[in-house]
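Undergrad: Now for the letters of each chain:
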Amino acid sequence: MTPSVRPSAKGHTLRRLIFFLLANLTTLIALGLLVSVFQSNGFSPMELLLLLLYTILIGWICMSFWTALMGFFTILFGRDRWAISHRQPATPPPDPAAPPPRTAILMPIYNEDSERVFAGLRAIHRSLAETGRLADFDFFILSDTRDPDVWVEEELRWQDMVRALDGKGRIFYRNRPENTDRKSGNLEDFCVRWGGRYRYMIVLDADSIMKGSTLVDMVRLMERHPDVALIQTPPVPVNRESLFARILQFAGSIYGRMFTAGLNYWQLGESNYWGHNAIIRVRPFLEHCGLPKLPGREPFGGAILSHDFVEAALLRRAGWEVWLAYDLEGSYEEIPPTLIDYAKRDRRWCQGNLQHLRLALAHGFNGLSRLHFSMGVMSYLASPLWLLFLLATGVEAFIQTRQETIYFFGDNWMPVWPVSFAVEMTTVLLVTLTMLFLPKLLALLLLLKDSRLRRGYGGMFAATLSVVLETVFSVLTAPVLMLFQTKFVLAILLRRAVGWPTQQRGDHMTSFKEAALAHGGHTLTGIVAGVLSYQYMPAFFWWFTPVLLGLLLSIPVSVLSSSIALGRKSRELGLFLTPEETDPPPVLCYLDENLREVDPVLPVLWDQPASRFVQALTDPYVNALHLSLLPESEPPGKRRRHYLEGLVHQLEEEGPDSLSATQKRDLISDPDTLLRLHALFWSRPPANAGMLP
Amino acid sequence: MSPAALYLAPPSAAPSNDLLLSRLGAYWRALGVSDPDQIVALSEQALRRMPDSPESPDPLMGALAAARELLDDWLARTLDLPRRSRALAAARAALLSGAAPDWPAALFAPPGAARDMADALRAAVADPAPASAPGVMSAQRIELFSLLDPLRRWRRRGASSPSGITPS
Numbered sequence: 006m007t008p009s010v011r012p013s014a015k016g017h018t019l020r021r022l023i024f025f026l027l028a029n030l031t032t033l034i035a036l037g038l039l040v041s042v043f044q045s046n047g048f049s050p051m052e053l054l055l056l057l058l059y060t061i062l063i064g065w066i067c068m069s070f071w072t073a074l075m076g077f078f079t080i081l082f083g084r085d086r087w088a089i090s091h092r093q094p095a096t097p098p099p100d101p102a103a104p105p106p107r108t109a110i111l112m113p114i115y116n117e118d119s120e121r122v123f124a125g126l127r128a129i130h131r132s133l134a135e136t137g138r139l140a141d142f143d144f145f146i147l148s149d150t151r152d153p154d155v156w157v158e159e160e161l162r163w164q165d166m167v168r169a170l171d172g173k174g175r176i177f178y179r180n181r182p183e184n185t186d187r188k189s190g191n192l193e194d195f196c197v198r199w200g201g202r203y204r205y206m207i208v209l210d211a212d213s214i215m216k217g218s219t220l221v222d223m224v225r226l227m228e229r230h231p232d233v234a235l236i237q238t239p240p241v242p243v244n245r246e247s248l249f250a251r252i253l254q255f256a257g258s259i260y261g262r263m264f265t266a267g268l269n270y271w272q273l274g275e276s277n278y279w280g281h282n283a284i285i286r287v288r289p290f291l292e293h294c295g296l297p298k299l300p301g302r303e304p305f306g307g308a309i310l311s312h313d314f315v316e317a318a319l320l321r322r323a324g325w326e327v328w329l330a331y332d333l334e335g336s337y338e339e340i341p342p343t344l345i346d347y348a349k350r351d352r353r354w355c356q357g358n359l360q361h362l363r364l365a366l367a368h369g370f371n372g373l374s375r376l377h378f379s380m381g382v383m384s385y386l387a388s389p390l391w392l393l394f395l396l397a398t399g400v401e402a403f404i405q406t407r408q409e410t411i412y413f414f415g416d417n418w419m420p421v422w423p424v425s426f427a428v429e430m431t432t433v434l435l436v437t438l439t440m441l442f443l444p445k446l447l448a449l450l451l452l453l454k455d456s457r458l459r460r461g462y463g464g465m466f467a468a469t470l471s472v473v474l475e476t477v478f479s480v481l482t483a484p485v486l487m488l489f490q491t492k493f494v495l496a497i498l499l500r501r502a503v504g505w506p507t508q509q510r511g512d513h514m515t516s517f518k519e520a521a522l523a524h525g526g527h528t529l530t531g532i533v534a535g536v537l538s539y540q541y542m543p544a545f546f547w548w549f550t551p552v553l554l555g556l557l558l559s560i561p562v563s564v565l566s567s568s569i570a571l572g573r574k575s576r577e578l579g580l581f582l583t584p585e586e587t588d589p590p591p592v593l594c595y596l597d598e599n600l601r602e603v604d605p606v607l608p609v610l611w612d613q614p615a616s617r618f619v620q621a622l623t624d625p626y627v628n629a630l631h632l633s634l635l636p637e638s639e640p641p642g643k644r645r646r647h648y649l650e651g652l653v654h655q656l657e658e659e660g661p662d663s664l665s666a667t668q669k670r671d672l673i674s675d676p677d678t679l680l681r682l683h684a685l686f687w688s689r690p691p692a693n694a695g696m697l698p
Numbered sequence: 011m012s013p014a015a016l017y018l019a020p021p022s023a024a025p026s027n028d029l030l031l032s033r034l035g036a037y038w039r040a041l042g043v044s045d046p047d048q049i050v051a052l053s054e055q056a057l058r059r060m061p062d063s064p065e066s067p068d069p070l071m072g073a074l075a076a077a078r079e080l081l082d083d084w085l086a087r088t089l090d091l092p093r094r095s096r097a098l099a100a101a102r103a104a105l106l107s108g109a110a111p112d113w114p115a116a117l118f119a120p121p122g123a124a125r126d127m128a129d130a131l132r133a134a135v136a137d138p139a140p141a142s143a144p145g146v147m148s149a150q151r152i153e154l155f156s157l158l159d160p161l162r163r164w165r166r167r168g169a170s171s172p173s174g175i176t177p178s
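Those protein sequence lines, which keep their order, are chains A and B.
Residue 258 in the working numbering sits at position 253 of the first sequence, and the numbers go up by one each step.
Residue 149 in the working numbering sits at position 139 of the second sequence, and the numbers go up by one each step.
These aren't lab readings, by the way, just hints derived from the structure by calculation.
The model shown is predicted, which means the values in this text are computed figures rather than measured ones.
Heads up, a few of these hints could be off.
Said to hold, decoys possible - Listed below are the simulated SDA-like cross-link pairs for lysine to any residue, each with C-alpha atoms no more than 20 Å apart in a straight line: (1) A:Lys-173 / B:Leu-89; (2) A:Lys-173 / B:Gly-122; (3) A:Lys-173 / B:Gln-150.
Claimed, not checked - Away from chain B, derived, C-beta distances all over 12 Å, residues of chain A: (4) Leu-434; (5) Leu-537; (6) Trp-548.
For every residue, glycine included, the Cβ atom is placed at its ideal position computed from N, Cα and C.
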């Protein structure tokens with residue numbers, strides 16, 4: 006049964022009316038100021054282009070500004086009566102005598118660091134056990150891993166976790182033979198195979214951490230509100246040590262809670278799904294969230310890449326509510342440790358978000374769903390638009406410098422002095438800057454209200470200094486990210502590969518060479534733009550310096566900000582502290598303990614061999630475990646048998662290093678080949694293997 | 011490529027009995043059997059089964075496959091599991107993980123005497139997945155916007171596209 010769409014409360018409508026009215030009014034005022042400057046001599050094509058770009062960009066900034074402001078007032082007054090956590094249920098509460106609902110905690114993974122994945126899961130498991138509600142939850146590690154070494158490692162870590170936590174029948178693992186449709190396909194496979202067993206599923210990411218009590222609260226909220234299909238929690242970035250990541254963690258923490266409160270202010274039951282750290286009602290997800298393929302070729306056609314927004318829109322289309330529980334704490338994630346890794350993540354997300362351009366106009370979606378799609382598109386399209394705006398401003402400034410001022414017209418003997426628009430232009434600039442930077446100040450003001458939180462950020466002085474430094478850092482990195490994102494958007498539109506290796510999730514330092522390769526173009530752009538603007542538009546040059554400085558310093562900023570030593574030093578100095586650093590919640594301490602101290606139950610995990618793939622062939626236990634976890638399948642056909650035979654001979658003759666990851670995976674995916682290779686390695690051990698295994 | 015450069019040594023067509031017993035002994039030790047008498051007895055049993063093993067013309071490989079088959083036969087009998095099944099592989103994994111440390115003694119015990127060990131093994135076998143409870147998740151229809159929509163609608167007169175998506 007699909008619930009009927011509840012008529013929006015008057016209050017909900019009023020909130021949205023206020024929000025959009027303010028956002029649109031501010032956009033119009035800012036636009037009006039610029040129009041008043043341009044209209045004096047009529048509009049040139051370049052001025053019209055500037056106005057168009059400014060309208061889009063200032064509209065985007067206004068949305069963000071008013072979201073922050075609404076969030077500020079929500080937190081200032083302490084309670085949002087329409088938040089999902091406070092809202093009274095429309096239906097009577099569920100029978101307390103009824104058995105508790107079953108919930109699956111899903112962790113989809115793909116070639117991740119297994120040690121970190123399982124350390125995180127164990128931390129969540131322990132935190133959940135402390136609530137006394139562990140029995141209501143099952144854990145699923147849904148692996149799409151293709152790397153054979155990581156695959157075998159995951160199996161061992163899963164088995165170790167089951168043994169250590171007595172998790173038989175509660176902690177499950179499966180590796181998909183084909184990773185069709187990536188993460189959305191991975192989750193769909195779960196729903197199709199086991200969805201009927203569970204009322205809810207909580208979707209995590211490989212680096213997600215959630216407090217047990219938060220998981221229990223999420224289920225409680227879903228039980229209280231049967232018309233809600235999805236509740237998203239705001240994940241707070243934690244655990245990284247590099248300077249770059251600590252600055253981002255600080256920003257995400259101090260400004261993030263204000264923005265999420267603001268988003269909830271106007272989105273209410275028409276919120277969005279961010280892909281992880283969310284609880285989903287399984288039945289409506291099964292009924293309404295099967296994703297179709299988009300017609301046409303990539304980048305806009307094919308499989309839907311950023312599935313989360315689409316799934317939320319489909320649930321809303323079917324009449325279900327989607328909420329952001331902004332005040333639910335205990336939801337964490339880890340962020341990329343360096344500027345380059347951050348950009349790599351952007352590259353992955355960019356294509357999926359641009360694809361939403363088509364969906365924003367598709368028939369049948371709700372207005373706010375369309376807005377979510379558009380906001381996703383704008384998060385990446387804003388960069389090329391800003392670049393275009395800067396270029397157009399430069400060209401316009403150049404044109405202005407070439408025009409000679411005429412003081413005498415016709416028969417006038419009195420000079421006609423040029424009209425100055427300095428006041429209007431300064432106002433435009435001030436309005437824009439205020440909307441960009443005022444939210445930072447407001448976030449600081451909120452600390453005055455809460456002494457516990459103030460201590461969490463290292464005190465008012467340290468927090469203020471951190472905000473100032475974070476602002477300088479964001480000004481320096483913004484032009485670099487603008488060029489990165491512009492490059493990604495263009496590459497996607499031109500169907501060109503950017504050609505970067507996979508993102509590294511763990512802390513690591515960027516080498517000078519890596520930074521020079523990634524930012525060499527940015528530095529060169531900065532030099533050329535600086536010389537040209539200084540030469541031909543000296544007045545414009547000084548306005549342009551923040552952008553130029555960011556580009557010129559991109560290499561040293563990228564290298565220095567990736568430093569773990571500087572990150573630790575800044576922490577010692579009390580800078581960029583977050584409440585999760587000053588007083589870590591137990592679940593984060595458990596994760597830390599698991600990564601440092603936990604001795605595996607399985608002896609095979611005590612040492613790290615050169616290759617888990619070879620270990621699956623040689624070690625009788627690893628071989629048997631891997632065999633037991635292979636899915637039941639039809640015996641391979643003749644051609645496949647010949648292919649595998651060829652690989653076996655290649656392995657015999659040239660060793661495992663001669664095989665690609667895919668070939669290795671093929672070998673250990675076939676049960677008969679796996680057993681055959683086990684016997685082969687024991688009958689004729691490699692010359693350098695010593696005693697097998 | 012010369013044989014010296016091969017990653018694995020070339021197969022021996024007629025390995026000596028000592029070589030066979032030596033490789034089988036190493037294998038049994040890797041499986042957790044430490045008593046030399048038991049190793050000899052098990053190796054001889056495996057050698058006797060060798061002709062039954064169809065896996066390879068390579069005698070050494072055949073002997074090792076026979077040793078594994080010997081263990082699997084015993085496990086299948088003890089735990090009442092079908093041969094050549096994932097469940098049997100899981101039981102073998104449980105056995106080799108140390109869930110039943112004195113299993114070699116049970117191997118030589120009379121039938122039925124290994125009940126405790128069988129229970130310990132069953133308890134140690136982890137289920138990778140629960141019983142399936144299938145659901146249907148069909149692709150939703152998303153009607154994309156196109157400026158040519160009115161024209162198409164007029165041409166199709168309301169006929170719907172067979173796929174989940176109306177192409178733009």
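Undergrad: Are any of the numbered hints broken by this structure? If so, which, sorted upward?
TA: Failing hints, ascending: 2, 3.
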